[in-house]
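Q: In full-length UniProt numbering, the protein residues as written are 1 to 339.
Treat the hints as calculated values from the structure; they're not laboratory data.
Keep in mind it's a predicted model, so treat the numbers as computed, not measured.
Glycine included, each C-beta is placed from N, C-alpha and C at the ideal position.
Treat the hints with care, since some could be wrong.
[Claimed, not checked] Pairwise CB distance ranges, derived in the manner of DEER restraints:
hint : residue 1 : residue 2 : range
1    : Tyr165    : Lys210    : 38 to 48 Å
2    : Ala319    : Leu126    : 29 to 39 Å
3    : Lys244    : Lys154    : 53 to 63 Å
4    : Leu31     : Ser150    : 37 to 47 Å
5    : Tyr165    : Ile27     : 23 to 33 Å
[Stated by the list, open to error] Here are the computed lysine-lysine pairs in the BS3-like style, where the Cα-Cα straight-line distance is at most 27 Å:
hint : residue 1 : residue 2
6    : Lys35     : Lys333
7    : Lys142    : Lys154
8    : Lys142    : Lys90
9    : Lys169    : Lys72
10   : Lys222    : Lys210
11   : Lys217    : Lys142
12   : Lys210    : Lys281
13   : Lys169    : Lys90
14   : Lys325    : Lys301
15   : Lys301    : Lys222
16   : Lys272    : Lys255
17   : Lys35     : Lys173
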Amino acid sequence: MELGIGMFGDLAFDQTTGKYRNAGIKIREILEQVKLMDELGIDVFAMGEHHRADYAVSSPEIVLAAAASITKNIKLASGVTVLSSSEPVKVYEDFATLDLISDGRAEIFVGRGSFIESFPLYGYSLNDYEELFDEKLELLLKINSEENVSWTGKLRAPMQNQTVYPRAKNNGKIPIWRAVGGTPQSVLSAAQLGMPLVVAIIGGMPIQFKNLIEFYKQEYLKAGHDEAEIQIAIHSHTFVSDEKEVVDGYFHNYKSQMDRIGSSRGWSPYTKMQYEGGRAKDGALFIGSANEVADKINYMKEIFGITRFIGHMDVGDPAHDVMMKSIQLFGDKTAPQVR
Numbered sequence: 001m002e003l004g005i006g007m008f009g010d011l012a013f014d015q016t017t018g019k020y021r022n023a024g025i026k027i028r029e030i031l032e033q034v035k036l037m038d039e040l041g042i043d044v045f046a047m048g049e050h051h052r053a054d055y056a057v058s059s060p061e062i063v064l065a066a067a068a069s070i071t072k073n074i075k076l077a078s079g080v081t082v083l084s085s086s087e088p089v090k091v092y093e094d095f096a097t098l099d100l101i102s103d104g105r106a107e108i109f110v111g112r113g114s115f116i117e118s119f120p121l122y123g124y125s126l127n128d129y130e131e132l133f134d135e136k137l138e139l140l141l142k143i144n145s146e147e148n149v150s151w152t153g154k155l156r157a158p159m160q161n162q163t164v165y166p167r168a169k170n171n172g173k174i175p176i177w178r179a180v181g182g183t184p185q186s187v188l189s190a191a192q193l194g195m196p197l198v199v200a201i202i203g204g205m206p207i208q209f210k211n212l213i214e215f216y217k218q219e220y221l222k223a224g225h226d227e228a229e230i231q232i233a234i235h236s237h238t239f240v241s242d243e244k245e246v247v248d249g250y251f252h253n254y255k256s257q258m259d260r261i262g263s264s265r266g267w268s269p270y271t272k273m274q275y276e277g278g279r280a281k282d283g284a285l286f287i288g289s290a291n292e293v294a295d296k297i298n299y300m301k302e303i304f305g306i307t308r309f310i311g312h313m314d315v316g317d318p319a320h321d322v323m324m325k326s327i328q329l330f331g332d333k334t335a336p337q338v339r
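Using the sequences and the hints, build the whole thing.
A: Take a look at the structure:
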């Protein structure tokens with residue numbers, strides 16, 4: 001099973017200055033953290049895309065390209081590319097370029113994203129929310145698999161026998177994963193297309209997703225795809241420390257981010273009881289000691305048969321030295337136990 005770390009580039013809010021932390025400093029810290037992941041033998045790094053003041057990264061492919069120049073082995077993925085508000089030709093061009101820079105280590109996780117800021121920003125209508133994603137996914141997959149593309153849709157100009165350059169290393173093909181939040185229709189689409197699946201499990205109890213993942217496997221096989229090629233990942237909030245006081249203190253980082261997002265979504269203030277409940281064996285938070293996190297990942301493999309786990313590790317913008325220690329423990333102690 002592959003083990004990875006994901007980030008959104010969270011920026012802490014300074015109550016004294018009334019500003020978010022400097023995005024440039026955060027991005028440079030992320031690059032140092034990815035370099036450490038590569039040295040530790042972590043398999044995948046996934047970088048999210050957001051268009052908000054509280055996140056540092058709106059162009060994951062640029063951060064990943066910078067990471068490619070200072071790493072040797074780690075796979076570099078978007079986590080996610082908000083495909084509904086992106087141009088599929090440009091997405092392929094950017095990630096094919098990343099793939100060539102990194103000597104074949106690029107991946108794309110495509111999804112709708114959990115925020116909608118990119119739609120008005122890029123001039124798209126939310127009335128076309130579903131159709132935009134489906135149409136753009138169809139085009140991206142076609143570009144990825146065919147040298148010369150002819151395609152017609154409703155929301156974009158057609159392509160007539162055109163080739164998108166440069167072509168990625170592996171016969172032009174980049175691994176493209178479908179990232180979902182639990183919608184059965186999205187899972188069905190991924191299964192029918194034979195796409196690898198990433199399920200974001202960030203709340204409640206992971207066991208609640210078992211039927212959804214079994215549904216994916218069933219439909220994947222029903223569509224005629226090879227069982228040996230099934231790839232399933234989960235992406236969950238993660239933080240590793242063998243010091244109880246550090247884990248307890250991380251609650252404040254986590255709460256600050258949950259409350260900031262929740263304030264615009266009608267959520268109640270996040271509580272310590274939710275935090276501890278999420279950290280329990282049946283909860284969705286992979287937050288605790290290296291041994292506890294390893295046990296929980298192994299439990300996910302047992303109940304889901306996952307082939308990859310991505311620990312989303314910068315929720316609430318922990319300090320750089322704290323992040324480095326968390327990554328070190330994940331690589332040195334958690335990963336060997338899982339493997």
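Q: Does each hint hold? Answer for all of them.
A: Hints, one by one, checked against the model:
no.: 1; hint: Tyr165 / Lys210: 38 to 48 Å; result: 43 Å, holds
no.: 2; hint: Ala319 / Leu126: 29 to 39 Å; result: 37 Å, holds
no.: 3; hint: Lys244 / Lys154: 53 to 63 Å; result: 56 Å, holds
no.: 4; hint: Leu31 / Ser150: 37 to 47 Å; result: 40 Å, holds
no.: 5; hint: Tyr165 / Ile27: 23 to 33 Å; result: 28 Å, holds
no.: 6; hint: Lys35 / Lys333; result: 18 Å, holds
no.: 7; hint: Lys142 / Lys154; result: 16 Å, holds
no.: 8; hint: Lys142 / Lys90; result: 14 Å, holds
no.: 9; hint: Lys169 / Lys72; result: 16 Å, holds
no.: 10; hint: Lys222 / Lys210; result: 18 Å, holds
no.: 11; hint: Lys217 / Lys142; result: 23 Å, holds
no.: 12; hint: Lys210 / Lys281; result: 15 Å, holds
no.: 13; hint: Lys169 / Lys90; result: 17 Å, holds
no.: 14; hint: Lys325 / Lys301; result: 25 Å, holds
no.: 15; hint: Lys301 / Lys222; result: 23 Å, holds
no.: 16; hint: Lys272 / Lys255; result: 8 Å, holds
no.: 17; hint: Lys35 / Lys173; result: 25 Å, holds
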